[in-house]
Amino acid sequence: MKAWIAFWNILVKDMKTYYLKPPNISWGLMFPLAWTSMFFIRSGSGLDAIPTILPGVVAVSILFGTTSMLSVAVTFEKKQRSFERLLLAPIQLEMLMLAKTSGAILFGTANAFVPVIMAAFLFDLSGISWISWIVFISATFLIAVTSTFLGLFIAVAVKEVFEAQTFSNFFRFPMMFLCGLFFPIEKLPILIKPFSYILPLTYGVDILQGTLNGSQIMPLTLDFLMLGIFCFGLFYLSLRNIRIRWIA
Amino acid sequence: MKYQDELVIQVNDLTKRFDDVLAVDTVNFDVSRGEFFGFLGPNGAGKTTTINMLTGLARPDSGTILIGGIDCTKKPRTAQHLIGVVPDESNLYPELTGFENLSFCAALYGIGKCQREERSRHLLKTFDLVKAADRKFGGYSKGMKRKLTIAAGIIHEPEILFLDEPTTGIDVASARQLRQLIADLHGNGTTIFLTTHYIEEAERLCDRIAFIVSGHIVAIDSVTNLIQPVQAKHVVLFSFANTVGDYAALLNETYPGLDFTLPGPGKMRVESDESIRVGPLVRYLEDLGLEVQEARRVQPSLEDIFVRITGIEAESMRKETEKAGGRK
Ligand SMILES: Nc1ncnc2c1ncn2[C@@H]1O[C@H](COP(=O)(O)OP(=O)(O)O)[C@@H](O)[C@H]1O
Ligand SMILES: [Mg+2]
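Residue numbers (our numbering), protein chains in the order written: chain H, 1 to 248; chain W, 1001 to 1328.
Read the hints as simulated data drawn from the structure, not as lab findings.
Covered stretches of chain W, as calculated for chain H (at least 3 residues, CB under 8 Å):
#, segment
1, 1068-1080
2, 1087-1093
3, 1101-1115
Each residue gets a CB set at the ideal place from its N, CA and C atoms; glycine is no exception.
Build the full structure now, drawing on both the sequences and the hints.
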């Protein structure tokens, strides 16, 4: 009970001070809009291309909405030392870090629905079954968790706020290009292909492709399994790093 | 180590090294329930490092820490509900108001909303911050920041409060007010562990003091016991407008009952077990060619004993800058 009071208040505070700030909200709206228009212009395709484009826009929106936001927020608090308050509180580190990340996870998941809602105005999405929607929502959530934990992993590995930014781009851009959004993975050069399979976003995008346009290349269970492994792995590594590096 | 109910902090052979710096070196001490215990030492002595290890923000290389009988080296987070910490720099959230900061800190300890808000309001009143309650912490003055940081450290009513140089870097009036607030807290039964590099502050507030220099505790005792050796002494301080040769040696020869030392350029200190007659001494000094500007009798204090034990010039401690050594 006591731990939940702490959890809830950390979440609410982070929401207020970071995620629900007007610049972030407008970013969350503008970003998918810009991406979608770019796709249309580049491919010269019509509205019926929406189901092929949507998975990519959803995945990229989540990725950009969570990773750097969380890593910057955590690095900032570490640097100005308010993070010490959290480390001094009688809360288990696991609980504390879940509280610290849940704001970004919610924000990321919400970001994913901006392009979906926009698409719904332009295209008839009623052909997609409710089971597909459940799978879609679970996948969005898992992508949000994974990319948030990636942000946490980055935050724990760096010292300065600008390093957090740079380092998250170091992960994000390769991930964007190799996850099968721009080029189908099968068409990637044989030497680069293995990299696609060590990036979490590849599996997330694969699920989204499957639900929205049926073009997935891996079994759904494998995709979910891999995303799950990335979640636990990144979270575990981050906690380990906090214990070793921050409570040194 | 066996836990004695009355000893709320027990520290044994605590050691911590940073690369080539031995920040804390085999430190031993106990603090009893309700005691006001002070760690007095210059910058870089290892005060903050010790506090960090005691509060779970740093891991000792070796040694044991028991807080309320709980072994903090094995279970660093289990004793944290017993302690409150006021760090050397205010570390609250600049974007939250004073009230929000306090309420948030209380929530971290699992305190429910009503109680949280009531305690926050109460502490804002105690710390004379009611007018600033709804202003952002980022805009507070240094003294206000420090006050709110102390309030945040006690919002969960901890049994033991750690204060790391609470009066360093703030104006004299705020410092005085803070000392009074800390003394009141102690009066209400809170065990206090305070670090400082102000000798007078330690002397005025603490029941018992440890002198720490370069990671070592060089003396540890109650203030009364520490002062004991100098208590009966008579001391006169002289200052001169000029200096001539090595007059200390000559004076020590001429006045066998008095002890002359030169603590700095143009300064002289005379110590004796008997009362010192200043008049004749001044005339003698002037005959030597010294221009006496001031001759002042002083009450022997903890400062004398600190200087004697540590060999550190008291003046240099007083002048130390606010940006206390340590973390970069
Ligand atoms: N994180 C750190 N890394 C390296 N050296 C440190 C670190 N923290 C403290 N030190 C060193 O340890 C010594 C003790 O520092 P500190 O405990 O901050 O002293 P104090 O609080 O008494 O001023 C100093 O020499 C300081 O430079
Ligand atoms: Mg210090």
